[in-house]
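Mind the numbering: the sequence shown is residues 1 to 161 in the working numbering, read in order.
Hints are supplied without guarantee of correctness; some may be wrong.
Said to hold, decoys possible - Straight line, CA to CA, 27 Å or less: simulated DSSO-like cross-link-like pairs of lysine-lysine:
(1) K126 / K39
(2) K59 / K154
(3) K59 / K117
(4) K154 / K39
(5) K117 / K39
(6) K64 / K126
(7) K64 / K39
(8) K103 / K64
(9) K117 / K64
(10) K103 / K117
As the list claims (entries may be wrong) - Each pair of labels, with its calculated beta carbon distance range:
(11) C148 / G69: 16 to 24 Å
(12) S81 / D121: 14 to 22 Å
(13) T86 / K154: 32 to 40 Å
(14) P41 / Y67: 16 to 24 Å
(15) Y74 / S97: 19 to 27 Å
(16) S118 / S98: 32 to 40 Å
(17) V131 / T52: 20 to 28 Å
(18) N151 / S71: 19 to 27 Å
(19) V70 / T147: 33 to 41 Å
(20) K154 / V131: 15 to 23 Å
(21) S82 / S102: 14 to 22 Å
(22) V138 / T45: 16 to 24 Å
(23) V65 / S118: 41 to 49 Å
Calculated directly from the structure, the hints in this document are not laboratory data.
Glycine included, every Cβ here is placed at the ideal spot set by N, Cα and C.
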Amino acid sequence: MKSILLFILPFLFFCSHTNQKDYEDLYTERVILFELLKKNPDPQTACTSSTTSAANCLKLATDKVSYPGVSDEYYTSYLLSSGAQTNYSDYCSNVLSSSTYSKATESYKECSFNCQKSYWDSTLSKGTCSVSNTSSLVSGLSGGILTCLINCSKAVNTGFQ
Numbered sequence: 001m002k003s004i005l006l007f008i009l010p011f012l013f014f015c016s017h018t019n020q021k022d023y024e025d026l027y028t029e030r031v032i033l034f035e036l037l038k039k040n041p042d043p044q045t046a047c048t049s050s051t052t053s054a055a056n057c058l059k060l061a062t063d064k065v066s067y068p069g070v071s072d073e074y075y076t077s078y079l080l081s082s083g084a085q086t087n088y089s090d091y092c093s094n095v096l097s098s099s100t101y102s103k104a105t106e107s108y109k110e111c112s113f114n115c116q117k118s119y120w121d122s123t124l125s126k127g128t129c130s131v132s133n134t135s136s137l138v139s140g141l142s143g144g145i146l147t148c149l150i151n152c153s154k155a156v157n158t159g160f161q
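Based on the sequences and whatever the hints tell you, model everything.
Printed below as a string of structure tokens:
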């Protein structure tokens, strides 16, 4: 019985080794599979979502002026674009085609807007929106998302093409 086991074990070991792929092949297959399974980035939707979160916060700012008939979308788009845009779609299209994002990958753009959304949602949940003025809320965005943007850049390699 022992002699049969001594014969079978090396045979099994040999067979299992010859059927294994090397580490590089497995890694390459895993990267390809990961790329095939991940969703396509959608920076336009991420921007709209971020801007909606900004509106939820900015409408509570201490210095927000209410104009009859003016929607949160109009107010926020107008405010964030310095008066150039009046709806989320146009605002986001303009931002995405700006020099700030001109060389950024789609993944980086989406991640960047996800960072902004997180900032606005966090600021709202902390209650900071209702005790701050519009200017401080908007200027706080850049410092509030810096680490997140660095992580975006690392996650998508450089973030720029």
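Structure-based check of all given hints:
no.	hint	verdict
1	K126 / K39	31 Å, violated
2	K59 / K154	33 Å, violated
3	K59 / K117	15 Å, holds
4	K154 / K39	18 Å, holds
5	K117 / K39	19 Å, holds
6	K64 / K126	19 Å, holds
7	K64 / K39	38 Å, violated
8	K103 / K64	34 Å, violated
9	K117 / K64	20 Å, holds
10	K103 / K117	22 Å, holds
11	C148 / G69: 16 to 24 Å	36 Å, violated
12	S81 / D121: 14 to 22 Å	21 Å, holds
13	T86 / K154: 32 to 40 Å	36 Å, holds
14	P41 / Y67: 16 to 24 Å	35 Å, violated
15	Y74 / S97: 19 to 27 Å	21 Å, holds
16	S118 / S98: 32 to 40 Å	21 Å, violated
17	V131 / T52: 20 to 28 Å	21 Å, holds
18	N151 / S71: 19 to 27 Å	33 Å, violated
19	V70 / T147: 33 to 41 Å	34 Å, holds
20	K154 / V131: 15 to 23 Å	34 Å, violated
21	S82 / S102: 14 to 22 Å	19 Å, holds
22	V138 / T45: 16 to 24 Å	22 Å, holds
23	V65 / S118: 41 to 49 Å	27 Å, violated
Of the numbered hints stated above, those contradicted by the structure are hints 1, 2, 7, 8, 11, 14, 16, 18, 20 and 23, listed in ascending order.
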